[in-house]
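Residue numbers (our numbering), protein chains in the order written: chain A, 1190 to 1651; chain B, 336 to 781; chain C, 10 to 314.
Read the hints as simulated data drawn from the structure, not as lab findings.
Quick caveat, the model's predicted, so the values are computed rather than measured.
Glycine included, every Cβ here is placed at the ideal spot set by N, Cα and C.
Be a bit skeptical, because a hint or two may be false.
[To be verified] Part of the chain C face toward chain B, derived, beta carbon under 8 Å:
id, residue
1, Q144
2, A147
3, G175
4, L204
5, P229
6, E230
Listed below are the residues making up each chain.
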Amino acid sequence: MTPAALLVVLVGLSLVAYVLGKSRALATVGGNRGIRNLHSLPSYYGALTALWCAIPALVVLGAWVAFQDTIIIKLVTSHMPASVQALPASQLGLVINDVHNVVAGNVSFENARPEIRAAAQEYLELRSISRYALTALVLAIGIVGIVLVRTRISPQFRARNAVERMVEWALIGCSLIAVLTTVGIILSVAFEAARFFGKVPWYHFIFGLEWSPQTAIRADQVGSSGSFGAVPLFAGTALISGIAMLIAVPIGLFSAIYLAEYAHRRFRAWTKPFLEVLAGIPTVVYGFFAALTVGPMLRGWGESIGLPVASESALAAGLVMGIMIVPFVSSLADDMITAVPQSLRDGAYALGATKSETIKQVVVRAALPGIVGGVLLAISRAIGETMIVVMAAGLAANLTANPFEAVTTVTVQIVTLLVGDQEFDSPKTLAAFALGLVLFLVTLGLNILALHIVKKYREQYE
Amino acid sequence: MSDPTTQPPLASASSASARRTPKETQAQVARSLRRRYWAERRFRFYGLAAVLLGIAFVVFLFGTIFLKGASTFRQSYIKVEVFYDPAVIDPASTRNPDDIRGADFQAVVRAGMRQLFPQVEGRKDVRDLARLISSGAAYDLRARVLDDPRLIGQRETQWLLASDDVDMLMKGRIARGTAEEPGPLNPNQLAWFDQLRQSDALELRFNETFFTHGDSREPEQAGVWGAVMGSLFTLALTLLLSFPIGVAAAIYLEEFAHKNRWTDLIEVNINNLAAVPSIVFGLLGLAVFIGFFGLPRSAPLVGALVLTLLTLPTIIIASRAALKGVPPSIREAALGMGASRIQMVTHHVLPLAMPGMLTGTIIGMARALGETAPLLMIGMVAFIVDVPKSFTDPATVLPVQVFLWSDSPERAFVERTSGAIIVLLGFLVIMNATAVVLRNKFERRW
Amino acid sequence: MDSSTVEPKREAAAALSPDAGVNVKPSGRRAAAVEEDSLVLRGEVQTVGTVTVSDPLFHCEDVNVYYGEKHAIKHVSIDIGRGQVLAMIGPSGCGKSTFLRCLNRMNDTIAGARVTGAIVLDGQDIHDKKQDVVQLRARVGMVFQKPNPFPKSIYDNVAYGPRIHGLAADRVELDEIVHTSLRRAGLWEEVKDRLSHPGTSLSGGQQQRLCIARTIAVNPEVILMDEPCSALDPIATAKIEDLIDELRATYAIVIVTHSMQQAARVSQRTAYFHLGDLIEVGETDRIFTNPRHRLTEDYITGRFG
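Just chain A, same shape as in the assembly:
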């Protein structure tokens, strides 16, 4: 049976288990009239039986499916001719890929090379054995589960508590996924990055001024494929993020202030959702806008006043990124400003301050920690933003502070290095993970700091 079919059978089996458990529970107390003597409702006994039937079997099924292929491939390769086994890992991978293709039917049997054909044959045989074994095992486990629970069912048996404990564990499991994600990110990125730093020294990466991963001289020579000095990327990221913040912070802050403190209620009700639309637009749309509208427009303006502007200038990307971040800044600033207690405003008004004096010197001053936290979050967003820069900023790793030139960023390089065909071992691919690690650590630091500041600020006025 294929694993998918087995899954369906297993679901059917647990339905049977439910009925069996429920009927058994009712039988112990003599049918529906004795139901009051049961500790839990009959359905809990059914549910417990079904869970014990399904969960262990599912675990086995999952583990089996996850490792089946690896084990079979190990066996198949060990039976391959010695000449094949002696191949380096990357070429062996290609051979195994061929086997997979034949097995999957992508390549017909007749067209394959003899050793591949033999291996595929063996693969299929082993897989069918494995499937028989799996079917027998899973069904056996399911039935054993049913029998075990059924024999334990008695009127005193606390089925509800047992079911609820299992549910609670499931809930805990779900909440752990978030933690596992973080751990997964750190492990996967750090692991690959460590391999990169095994090939390219870390100080080269952090302090090197030249970035040209594409210029491989000889593929088999370690560390010789290009230079991996990431400073131009960091500088480019900083330049574009800086431009973005120059746009986003004043516009976001001023519009938040205007809407929170000055605007008529009706004006606010109309304009606020309008501005929030900006937050819902996918970044790829901004990227398109930056690359096809803003970029050429800026270049045209530059030409008309005799200023050389690259068509993929940092300015275009930064400008559009700034627009994207405006609603982010303004909604955070709005939260912070409305959190400032009215009593502070009253205090300033009572001294004869005008509205703008109150806002500038009292409200914004009081909201400053929160606003700073929000701006830090916005910076983290700008640094991590990918699509706009991929589409509108260039690939040229120029080390410049001129916003009219093309620069590249960390995220652009991650995408360029990883999109398309790649070998998993080349420093070029691994460099992407090293950049990812830097990106993750920097944004994580900013986020933790910002969330901490914002939390402290909220507590202050609660």
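Given chain A, work out where chains B and C should sit, using these hints.
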């Protein structure tokens, strides 16, 4: 004051300001007013300018995209009298579908075009003439014949898909070109173009191809259907995974977990994950799901796994807020009746919190729909013509399609890209509107 | 009890004889009280006692405040004199704070609030178009129920007013203003070594005195105090009360208070509000020893409040 004698003596007047009478102070305040009210107006103007600038951006952005993209939904077609010549399609009269599939339908198209312009002679000119029609037209004819082999030997009038250059010229997106700066169409083709227009044999009709086809190298044959289906598969699986997991996690954290360092850690962790750049999730997906577990690249399955991890924080945060909104009195009432905690949650709290949770989930899904960067990492960026049929077929999604097309040099792809963006925005509007309606309908004040 | 006359509120009421000391109605005390109660219900209460003073700083006539539909202050007329403390007492929600906020137009900041009637400060109606609200508030300072120091240093808190109004020509003068204000607020000795510390680092009572110093620094004529001691402990309250007594020499002070003892201790005149009506005004000693209106008496003797 009007009467100085009633003015009480100032106590311990030592400083200049303290010696100053209120009258003098008021004069000073009055003198400062002009400057301050000017600053007030200026400040207020800055605020208004910022708001208006923001609105202008929105209008400009949408304006350019709609201006560029609206014409995608209409496409140029040329009216051709098609003769399904048996000598070309099925010379052996086998009516065998395999033979028909291999037949040269381009020749049928060419013949049809020559009938419109019988005076055209010479290989080069005939080829130029045929180039007015998209290469996709031949496939359409083939599909018709395969559908109904009785057509062989018959004549019928068909509107055939025009090439992208004709389409662009028709829509006025490219110049006709001059002697010094020739456009994509040569003078002969331009003449035919004008003739076709005059005889009403060339017109803009509803662009069905765009909504029924997958990607293509030829802009006039490229459609969003493949990407829409890819997005659908990916989002469906994302929803299936992230909603139950997110709600379960929120229930645990809000209703069961005791406040301690461990739950604090989870909470900080979730808040941070919500702010981690999406591309990092792509790296995770590449390293773990593809590198470690060996799942297929470019598949909606992997895309959905990555997007699940990406949207989980959003859904958990929204769901927790919804749970927090249920008043404790309801929990106490349920527990007081002897319900277990699980029963309390499933019977009482969850139904009340559900609208809020659904709203949060829809917003999370809308974000997932627009997400591009992590999907590039896991290879959903491939050129895929076929419409995906399962979770493991190679697929692409709408935003990635936008990215791919925006990179194409053909002029016509700019229009397609904008068209795809309009479709994408359409979906987003529907989703967000649903969320808003849901919120307004079920929002409860306790 | 010298000039205990009744100030009739309306022209129609003015026709009634003002000779009776207690009430215009020629009936016994008990009957009058009943009559007044029904008048309260109809919102046509006549204020008992002397509402005028000889040289008023503020002259309020027929002041009404509406919050949307709610009629929060009903036809209140009262004068506020110079160099004395006027206490406004009454049960919660009686409108005394609302009325106080009218005097420097703080109600402007509340959406839906509407004020009618005349509030004349020194011959000029404060709602007059010519009256600038910034200028008004510089003349009429206010101290709030909860101390609300700005999130700035102690020095900057006090210097805020002079800075925005441009009252100090240079740093030296500003220092002088700050020092004098702090000294007069009785806070100087406690904070002179930590002027750069944040204002919020002070204790509640010190914060409230900081807010008073902040108000004094603008050199106002009137200081409005809205239950300035309600958030403070007894010792801090005593200090503020002493301070009010000192400040009386320089400023006209209007204080809203919940505590009758406080009103008795610090004020020279007392006004009793009830459900938006000004029931009785008079010398503080007289109000507390011999209230004329039954509602005032009930309140002062603790029958409600």
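Each hint, compared with the structure:
1. Q144: holds, 5 Å
2. A147: holds, 5 Å
3. G175: It holds, given that the least Cβ distance between G175/C and chain B is near 4 Å, below 8 Å.
4. L204: violated, 16 Å
5. P229: Status holds, d = 7 Å.
6. E230: Cβ of E230/C sits 5 Å from chain B, so the hint holds.
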